[in-house]
Amino acid sequence: MTAHNRKLTQITFSLDGTEYQAQVKSWTLNNNTDDAEIFYVFEPGEEFAEEADASWSLDLTMYADWRAGGIGDFLMSHDETDVAVVLDHHPDIVGEHVRWSGTVHLKAPNVGGDVRTTEEIDTTLTFVGKPTYARIG
Amino acid sequence: MSAAADALDALFVALEGVDGLRVVRGIGLQVDPPAVVIPPPNLTWSAMGDDPTDATFSVGLLVVNNDRITEQLLYWQPLVVAALQTVDNAVVTTAALGSWPAGGGTDLPAYLITTEVGLL
Chain A
36 MTAHNRKLTQ
46 ITFSLDGTEY
56 QAQVKSWTLN
66 NNTDDAEIFY
76 VFEPGEEFAE
86 EADASWSLDL
96 TMYADWRAGG
106 IGDFLMSHDE
116 TDVAVVLDHH
126 PDIVGEHVRW
136 SGTVHLKAPN
146 VGGDVRTTEE
156 IDTTLTFVGK
166 PTYARIG
Chain B
49 MSAAADALDA
59 LFVALEGVDG
69 LRVVRGIGLQ
79 VDPPAVVIPP
89 PNLTWSAMGD
99 DPTDATFSVG
109 LLVVNNDRIT
119 EQLLYWQPLV
129 VAALQTVDNA
139 VVTTAALGSW
149 PAGGGTDLPA
159 YLITTEVGLL
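Top to bottom, those sequences are chains A and B. According to this note's numbering, the first sequence holds residues 36 to 172 in order. According to this note's numbering, the second sequence holds residues 49 to 168 in order.
There's no promise every hint is true.
[Stated by the list, open to error] Cβ-to-Cβ under 7 Å is the rule here; a few derived chain B residues that face chain A:
no., residue
1, A51
2, V139
3, L167
[What the hints assert, rightly or not] Simulated restraints on C-beta separations:
no., chain 1, residue 1, chain 2, residue 2, range
4, B, S94, A, A57, 27 to 33 Å
5, B, F60, A, V163, 46 to 52 Å
6, A, A71, B, L91, 38 to 44 Å
7, A, D127, B, T141, 14 to 20 Å
8, A, A71, B, M96, 27 to 33 Å
I should point out that these hints are in silico values taken from the structure, not numbers from a laboratory. The beta-carbon is built from N, C-alpha and C at its ideal position, and this holds for glycine as well.
Work out the full structure: start from the sequences and follow the hints.
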């Protein structure tokens, strides 16, 4: 039996309602939440776990776009603000289309690169709280 | 059929939808360009089990050897790539300039289009 596997080929990714997936070269949704803490007591079997506070982030590598409203312009002009984010994963595959949505706190990105290379923007979007996960279809 | 054979068949079916392009299902046959040929894929096993997880095809896009090689290749390339990427779990990664034996001792100019298919 072959392991079920998928190429990463399609997403939709929006910030504040504007889609930017055409600029995205690489993405990783990180769960940075600490491990739960286990508390032990003097009665075997009665130990309990206390979950850590949620901490999520979205790493993005994008081709830079400095036109008005382009991703570079958007990130710079929304520095240190909260915006809505929606990321649809495998939107083209029925039965595997899932979505993460929530609010991210934007930080203006680093800008630049080596001479004669294609300009890219590497940035990390920090989620305010935990993204909402949903199965779409 | 194996998953790799299914993937090969799916690529052929997709390419048969490109109007005006001959799809050659076989190796070493006389080819009348513009045409596509697909030799056996390279296979990768990267999961537990006996079945491969990935097949990498080098899809040959062959055109007539004349003074319009560039125009022909650049005309057919986007049509072929679009068709290949309609196949489930297939991605095109590169198109390298090359040649292909077209029968009768002649070689035809070609794009060799690397197409990776995750086998399901």
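Taking the hints in turn, this is what the structure says about them:
Among the interface hints, the one on A51/B holds; its C-beta lies about 5 Å from the nearest C-beta in chain A, closer than the 7 Å criterion. With a least beta-carbon distance of about 5 Å to chain A, the hint placing V139/B at the interface is held under the 7 Å criterion. Taking 7 Å as the C-beta cut-off, the interface hint given for L167/B holds, the closest approach to chain A being about 5 Å. The given range of 27 to 33 Å is respected by S94/B and A57/A, whose C-beta atoms sit roughly 29 Å from each other.
Here the CB-CB span from F60/B to V163/A is close to 50 Å, well matched to the stated 46 to 52 Å. Between A71/A and L91/B, the C-beta spacing of about 42 Å keeps the proposed range 38 to 44 Å intact. Taking the beta carbon of each, D127/A and T141/B are about 19 Å apart, inside 14 to 20 Å as hinted. With their beta carbons about 30 Å apart, A71/A and M96/B fall inside the hinted range of 27 to 33 Å.
Figure legend: structure checked against the earlier numbered hints; every hint is met.
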